[in-house]
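Position chains F, C and S against the provided structure of chain B, taking the given hints into account.
Chains as they are written, first to last, in my numbering: chain B, 1 to 143; chain F, 1 to 143; chain C, 1 to 143; chain S, 1 to 143.
Among these hints, one or two may not hold up.
Note: identical chains are not told apart, hence a pair may lie in one copy or across any two.
Lysine-lysine pairs mimicking DSS-like chemistry, simulated, CA-CA at most 30 angstroms apart [unchecked claim]:
1. Lys108 to Lys75
2. Lys77 to Lys105
3. Lys138 to Lys108
4. Lys105 to Lys75
5. Lys77 to Lys138
6. Lys105 to Lys138
7. Lys77 to Lys108
8. Lys75 to Lys138
Please keep in mind that the hints were generated in silico from the structure rather than gathered at the bench.
Given next are the chains, with one letter for each unit.
4 protein chains.
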Amino acid sequence: MPRITADEFNALMAEDLPWAHQGGMRAERIGRGTAVLRQPYTERMLRPGGTVAGPAMMALADATMYAVVLSLIGKVKLAVTTSFNINFLYRPSPADLLAEGQILKLGKRLAVVEVTLHSEGHGEPVAHATGTYSIPPKAEQKS
Amino acid sequence: MPRITADEFNALMAEDLPWAHQGGMRAERIGRGTAVLRQPYTERMLRPGGTVAGPAMMALADATMYAVVLSLIGKVKLAVTTSFNINFLYRPSPADLLAEGQILKLGKRLAVVEVTLHSEGHGEPVAHATGTYSIPPKAEQKS
Amino acid sequence: MPRITADEFNALMAEDLPWAHQGGMRAERIGRGTAVLRQPYTERMLRPGGTVAGPAMMALADATMYAVVLSLIGKVKLAVTTSFNINFLYRPSPADLLAEGQILKLGKRLAVVEVTLHSEGHGEPVAHATGTYSIPPKAEQKS
Amino acid sequence: MPRITADEFNALMAEDLPWAHQGGMRAERIGRGTAVLRQPYTERMLRPGGTVAGPAMMALADATMYAVVLSLIGKVKLAVTTSFNINFLYRPSPADLLAEGQILKLGKRLAVVEVTLHSEGHGEPVAHATGTYSIPPKAEQKS
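Chain B on its own, in the form it takes in the complex (with noise of 0.2 angstroms):
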């Protein structure tokens, strides 16, 4: 069992992360070190070439990186993204984005998450991405 839900990440991004709420970006599931989110196609996500813009990518890869962490250790709001490492595979045509994210590894105190982007209704992905997370020590986490 993941120790959070994607109901309890929806949640926590509703309160916590307005960046990725307010662009209607949801989880559609999270196993233990695993997460799917979508990112609802909107044409704040446009770049020039009527494609979808890097930014877009990187931050749904992120809060994916966040749901994979978050589903090993539970709500430990304070981990936080190190490094972060992105390649665009193709330009994603306007439609929702799908991440599908798993852990590498989850040590004590860092994680490290693999992350690939779809364009919905496209068989190749969009881009792959790697980060790590830190995860604070016991004492810091109450969140």
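This is chains F, C and S only, laid out in the frame that chain B set:
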């Protein structure tokens, strides 16, 4: 002389980068291979702990890289990020973010850019990013 | 069918990649868009703590990416790494390293590759890397 | 004053980093939070096209980051790289490589370091790397 001015880049954001423009992002200075952009603080940028979220920094860094590239090649809107890496150094307090970008390499097909982000009023940088941009062949460069 | 076989890639390493060949690195399997390379353990690879050093993993990952790219475009020796990112997951014990690479995207000008590294005999991966390769225009591709 | 000198770091490489020492790598200068390392040119470093291979640059960048971290925390041998990113800018001609590293952030648990690499005799940098190091808790720091 840069091949795009701060005013021209701000007009481009207003027209073509809604995610940047609607949040109030603006270019303050653009030189030849350099750019300074500001992201005014809004509550939308927050994350748990009351600090500014990673994606707000990523978006500002990415737009700054775009400005640096266009300062050298002109208004080639289809230049696109191919990879992006960011290290988070300090959690930014709720304040404007300032990004300083500079070119590391301009090739015929790829440009590499470095960006340092500060939280206004703080000496230490809050994040450091690098990214590569793919420059389209001449034939594709009509914007 | 891959456009370079494991034997051909090993011959290329013997001729053109002395840093890989002299350390005993070899391709075990190459498919279309995939490659498995092995770095036999030597004491030269150690770091303090008696584990295998990061650069040994980086070198194996980079050679594996090269094999993956050549499996798709043939013996285009001047394909070069343009960016490379690696996350270290577990400290590898003194044992052979095995790298599995797979293509994430093959474009006309850029290829993106993912590599997972294992320490032989251990289930968990020790590192995960991604990289981009620049593919030279046809005119430059005589090797 | 740095907490490790260039001589002390060279002795550490001779004892504990055979992959660096055997190739002739050496520290030229270490300051507080800065380090300059040199990799003398050898044919072992070549790749197709007669330029210096990526892994030679990665190894030098990684050792330089280690020197920068130890310049601030002393001879804590078990500080380890957790993530590493490098952008290749120009193909280095067959010549010595020089790396200049500087600290971006020193935290209690993580350090972030930036390294710029030059090919001796050339003005433009050949590569730019960033990396994060995990600093072990005090109890583990006996080397």
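Going through the hints against the structure:
For a Cα distance limit of 30 angstroms, the shortest separation of lysine 108 from lysine 75 qualifies both inside one copy, at 15 angstroms, and across copies, at 23 angstroms. Taking identical chains as interchangeable, the C-alpha atoms of lysine 77 and lysine 105 lie at most 30 angstroms apart whether they share a chain (19 angstroms) or sit on different chains (23 angstroms). For a Cα distance limit of 30 angstroms, the shortest separation of lysine 138 from lysine 108 qualifies both inside one copy, at 10 angstroms, and across copies, at 15 angstroms. Taking CA atoms no more than 30 angstroms apart as the test, lysine 105 paired with lysine 75 passes in both settings, with 18 angstroms inside one copy and 27 angstroms between copies.
In this homomeric assembly, lysine 77 and lysine 138 come within 30 angstroms of each other (Cα to Cα) both inside a single copy, at 12 angstroms, and across copies, at 26 angstroms. For the homomeric pair lysine 105 and lysine 138, the shortest alpha-carbon distances inside one copy (19 angstroms) and between copies (23 angstroms) are both at most 30 angstroms. Taking identical chains as interchangeable, the C-alpha atoms of lysine 77 and lysine 108 lie at most 30 angstroms apart whether they share a chain (16 angstroms) or sit on different chains (20 angstroms). Proximity of lysine 75 to lysine 138 under the C-alpha cut-off of 30 angstroms is found in both arrangements, the shortest distances being 12 angstroms within a copy and 28 angstroms between copies.
When each numbered hint is compared with the structure, no violation occurs for any of them.
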